[in-house]
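Peer 1: Residues per chain are reported as follows:
2 protein chains.
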Amino acid sequence: MLKVGIIGLGTVGSSVVRILQENEEIISARAGVKIIPAIGVVRNLEKHQDLGIVLSDNIDDILEDESIDMVVELIGGVETAYKIVKKALQKGKSVVTANKALLAYHRYELQQLANGKGFGFEASVAGGIPIIKALREGLSANRILSIKGILNGTCNYMLTKMIEEGVSFEEVLKEAQELGYAEADPTFDIGGFDASHKLLILASIAYGIDAKPEDILIEGIEGITKEDIFFAKEFGYSIKLLAIAKKSEGKVELRVHPALIKKEQMISKVDGVMNGVSVVGDFVGETLYYGAGAGGDATASAVVSDIISIARGDASPMLGFKKLVSFDNLVLIDKDDIISEYYVRMSVVDEIGVLSKISSIFSKYDISIDSFLQKSSKNKERTTLLFSTHKCKELKIQKALRSIETLDFVKEKPSMIRIED
Amino acid sequence: MLKVGIIGLGTVGSSVVRILQENEEIISARAGVKIIPAIGVVRNLEKHQDLGIVLSDNIDDILEDESIDMVVELIGGVETAYKIVKKALQKGKSVVTANKALLAYHRYELQQLANGKGFGFEASVAGGIPIIKALREGLSANRILSIKGILNGTCNYMLTKMIEEGVSFEEVLKEAQELGYAEADPTFDIGGFDASHKLLILASIAYGIDAKPEDILIEGIEGITKEDIFFAKEFGYSIKLLAIAKKSEGKVELRVHPALIKKEQMISKVDGVMNGVSVVGDFVGETLYYGAGAGGDATASAVVSDIISIARGDASPMLGFKKLVSFDNLVLIDKDDIISEYYVRMSVVDEIGVLSKISSIFSKYDISIDSFLQKSSKNKERTTLLFSTHKCKELKIQKALRSIETLDFVKEKPSMIRIED
Chain C
1 MLKVGIIGLG TVGSSVVRIL QENEEIISAR AGVKIIPAIG VVRNLEKHQD LGIVLSDNID
61 DILEDESIDM VVELIGGVET AYKIVKKALQ KGKSVVTANK ALLAYHRYEL QQLANGKGFG
121 FEASVAGGIP IIKALREGLS ANRILSIKGI LNGTCNYMLT KMIEEGVSFE EVLKEAQELG
181 YAEADPTFDI GGFDASHKLL ILASIAYGID AKPEDILIEG IEGITKEDIF FAKEFGYSIK
241 LLAIAKKSEG KVELRVHPAL IKKEQMISKV DGVMNGVSVV GDFVGETLYY GAGAGGDATA
301 SAVVSDIISI ARGDASPMLG FKKLVSFDNL VLIDKDDIIS EYYVRMSVVD EIGVLSKISS
361 IFSKYDISID SFLQKSSKNK ERTTLLFSTH KCKELKIQKA LRSIETLDFV KEKPSMIRIE
421 D
Chain R
422 MLKVGIIGLG TVGSSVVRIL QENEEIISAR AGVKIIPAIG VVRNLEKHQD LGIVLSDNID
482 DILEDESIDM VVELIGGVET AYKIVKKALQ KGKSVVTANK ALLAYHRYEL QQLANGKGFG
542 FEASVAGGIP IIKALREGLS ANRILSIKGI LNGTCNYMLT KMIEEGVSFE EVLKEAQELG
602 YAEADPTFDI GGFDASHKLL ILASIAYGID AKPEDILIEG IEGITKEDIF FAKEFGYSIK
662 LLAIAKKSEG KVELRVHPAL IKKEQMISKV DGVMNGVSVV GDFVGETLYY GAGAGGDATA
722 SAVVSDIISI ARGDASPMLG FKKLVSFDNL VLIDKDDIIS EYYVRMSVVD EIGVLSKISS
782 IFSKYDISID SFLQKSSKNK ERTTLLFSTH KCKELKIQKA LRSIETLDFV KEKPSMIRIE
842 D
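If you're matching them up, the sequences are chains C and R in order. Numbering-wise (the numbering used here), the first sequence opens with residue 1 and increments by one. Numbering-wise (the numbering used here), the second sequence opens with residue 422 and increments by one.
Check the hints yourself; a few may be wrong.
[What the hints assert, rightly or not] No more than 20 Å apart at the CA atoms, straight line, and that leaves these computed lysine to any residue pairs for SDA-like: (1) C:Lys-263 <-> C:Gly-236; (2) R:Lys-690 <-> C:Gly-236; (3) R:Lys-538 <-> C:Asp-314; (4) C:Lys-269 <-> R:Lys-690; (5) R:Lys-756 <-> R:Gly-587; (6) C:Lys-262 <-> R:Lys-684; (7) R:Lys-582 <-> R:Gly-473; (8) C:Lys-3 <-> C:Asp-65; (9) C:Lys-34 <-> R:Arg-564; (10) C:Lys-161 <-> C:Lys-269; (11) R:Lys-690 <-> C:Thr-160; (12) C:Lys-393 <-> C:Asp-336.
[Stated by the list, open to error] DEER-style ranges, computed between Cβ atoms: (13) C:Glu-234 <-> R:Glu-592: 30 to 36 Å; (14) C:Glu-66 <-> R:Tyr-529: 39 to 45 Å; (15) R:Asp-791 <-> C:Gln-177: 52 to 58 Å; (16) R:Phe-793 <-> C:Thr-187: 41 to 47 Å; (17) C:Ile-369 <-> R:Glu-446: 39 to 45 Å; (18) C:Gly-10 <-> R:Thr-608: 53 to 59 Å.
Calculated from the structure, these hints are not laboratory results. Note that beta-carbon positions come from the ideal geometry of N, C-alpha and C, so glycine has one too.
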């Protein structure tokens, strides 16, 4: 028998209780022991009477109760959750959490505390997709060469709509908010921060690398325009907010940003609110995992899968597997040194010499143009130029764009989207 | 330290050795113990000298050596492999195998023998895709509602070519054979038998159901024509060889056959030699797993992931999890009772009354027509009629087709493809 105390009975928490109740028999058989949702801790005791478990508004009813074997933390946020999880582990309880923000900052410390007890967080990345187990177990024979994830359903829904229906960012954001796919303050999602938390977790499993959100390149989708969509379609690309971890020559690059991806690539086919993660291993090649990245039931499915794994005795650490080492002593690459191909959009006055001046700036920074598109425009005062480049360093494209921005025929800050092949 | 004896050093076996050698450090860290490829048993000792492991042509050098902890069986085929695996388990060794045919017939018996020791077979289904671990661990909170797999790369390559390039079955088979994607005798692949073995393994994990290939509906892709491809494109379908396990009302249906799938579905986007498996769970919804289904390195990646899992102490049974029970006492549905929508193609003499006579036969068997397409033809003696039906039982469509076949204006046996929504 394994007694579980659940802290937080929101959408995910109440779904966890329902799964443990409704699928009790099959879960017991799979876990090898009976798993009992013994108590739920909530702020408002009135609210969850119908769930059929003992309720309390005092966290110590879980943490101080020695009969509770496992704590499921589902309150979110960093500081309070950190104190709770830390205390639970110190008390010798195993812990399952869906809290990506907590893990983005405290994963190594908490894992060390968990030492020998179970500490599961499958639900913290990509909802119901068992991507953590895939990296940790299914692909364990491989050195991971790259991870590319569509990890934020809100952004993916919005970008899919923009491409399929040609609507603007502002229009689709409003619609997403009305449908409940985007928060009233959508910054955390559309700014790429949510995806960055998840990326750090995946990168820790693949590479054992300890980085924080502040350390990595994060750009959101708020600057994507109808022109970008036009270019993408014209050249056979899809636009996705990608979270990327990539290994090359002893370094790991971690970045979150919108990316142009060729339509033939499987990950470009992950549309709408769905999530998808493509992982390339040195022997297995590419594998891809697809499913619901959010929602109470899908996320709870991942929480309960961790509960079952721990009940079956799997308590080995998740991050960097058995040892807390950075494999191959990998270090994080400097943002400026990240190499990519770029798509660049700029708005200029249509006059003689424009293209020559822009080209010479690209040349100055060793950036070579791969394709160029000028949309015919009735408005001589505002013509859009679209470029794509061959591979170059982040620092060079940034310098080139800043230099181009100062030219007097350039009407607004040029913008760029990275191209991922 | 875990000493592994490998029986069979073909493409997969020699790749297993290379992974264990090249990724030794990372694998040791992940497994928590050093894993040593101690000995390889081969028929021809001359052939594998360059692999850098001890070779023998005597299986007893593995089976009778008490210092060998684990046997990796990679010789394929049923009878000899069965004896080897059985003896290894009886000797108290753990076993990892990639042998789908062995498992299609002996999986429950072998698992029972393994009792408490590790018995892994991730590599037996879908090559490098960790679909067995996903079903067994990642989705363990769920009742599995359905599994739909593209599990045979040869068939998928051929069908993709037929759709993309409009070539005939015969042409593409010849090409696949030249490229090494299809065997000289391709029956095992294109007849659906390979996929059926894999399906039985997946269905055992999801449902604990004990069936043999002979018990289930298996149809191959050899009857797919250019007309079928035309219809599929016209109505927005892709054609895939699908292996399907589905649960409904206490019964499980298992079947392998070509299927029309709406192009919007993620699984219809799995093209070429790649494999993909879509799994629907009662809480998680649909998740999909994609990757290389064959090839030495990808398959070896799965073999080694099992070795690592067992080294880490995961020895719980794979099939039906902890207990060898059929969950909910599920039984296999009778083939005749399987319900589907159908696409039907027939070749007729173009004369008055044809459609009315055919329609009346469909009516007689309670089959209702969903769509109908008659291609304009210059040849009055041979016109193709294409129908799609609403849902009906297998037995009824079979009877209707046999009845239609006897009409004198019908020029050849009508053929049908099931439609999977």
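Peer 1: Evaluate each hint against the coordinates.
Peer 2: Hint check results:
1. Under the criterion of a C-alpha separation no larger than 20 Å, the hint pairing Lys-263 (chain C) with Gly-236 (chain C) is consistent with the structure, at around 6 Å.
2. Taken as a hint, the Lys-690 (chain R) and Gly-236 (chain C) pair is honoured in the structure, with Cα atoms around 16 Å apart against an allowance of 20 Å.
3. Among the hinted pairs, Lys-538 (chain R) with Asp-314 (chain C) is consistent with the structure: their alpha-carbon atoms are about 15 Å apart, no more than 20 Å.
4. Restraint check for Lys-269 (chain C) and Lys-690 (chain R): satisfied, since their Cα atoms lie roughly 8 Å apart, inside the 20 Å limit.
5. A distance of roughly 32 Å separates the Cα atoms of Lys-756 (chain R) and Gly-587 (chain R); the hinted pair therefore is violated under the 20 Å criterion.
6. This hinted pair checks out: Lys-262 (chain C) and Lys-684 (chain R) have alpha carbons roughly 18 Å apart, not beyond 20 Å.
7. With a C-alpha separation of about 40 Å, the suggested pair Lys-582 (chain R) and Gly-473 (chain R) falls outside the 20 Å cut-off, and the hint is violated.
8. At roughly 10 Å between alpha-carbon atoms, Lys-3 (chain C) and Asp-65 (chain C) fall within 20 Å of each other, so this suggested pair holds.
9. Straight-line distance between C-alpha atoms of Lys-34 (chain C) and Arg-564 (chain R) comes to about 17 Å, which keeps the hinted pair within the 20 Å bound.
10. For the proposed pair Lys-161 (chain C) and Lys-269 (chain C), the alpha carbon gap of about 13 Å is at most 20 Å, so the pair holds.
11. Using a Cα cut-off of 20 Å, the hinted pair Lys-690 (chain R) and Thr-160 (chain C) holds, with the two alpha carbons roughly 17 Å apart.
12. Among the hinted pairs, Lys-393 (chain C) with Asp-336 (chain C) is consistent with the structure: their alpha-carbon atoms are about 7 Å apart, no more than 20 Å.
13. Between Glu-234 (chain C) and Glu-592 (chain R) the CB atoms are about 34 Å apart, so this pair conforms to the stated range of 30 to 36 Å.
14. Restraint check, Glu-66 (chain C) to Tyr-529 (chain R): a C-beta distance of roughly 40 Å satisfies the suggested window 39 to 45 Å.
15. Hint check: Asp-791 (chain R) to Gln-177 (chain C), Cβ distance near 39 Å, so the stated range 52 to 58 Å is violated.
16. In this structure, Phe-793 (chain R) and Thr-187 (chain C) break the distance hint of 41 to 47 Å, their C-beta atoms being roughly 53 Å apart.
17. Checking the proposed 39 to 45 Å range against Ile-369 (chain C) and Glu-446 (chain R) shows it holds: the Cβ atoms sit about 43 Å from each other.
18. About 55 Å separates the C-beta atoms of Gly-10 (chain C) and Thr-608 (chain R), a value consistent with the hinted range of 53 to 59 Å.
When held up to the earlier numbered hints, the structure conflicts with 5, 7, 15 and 16 and fits the remainder.
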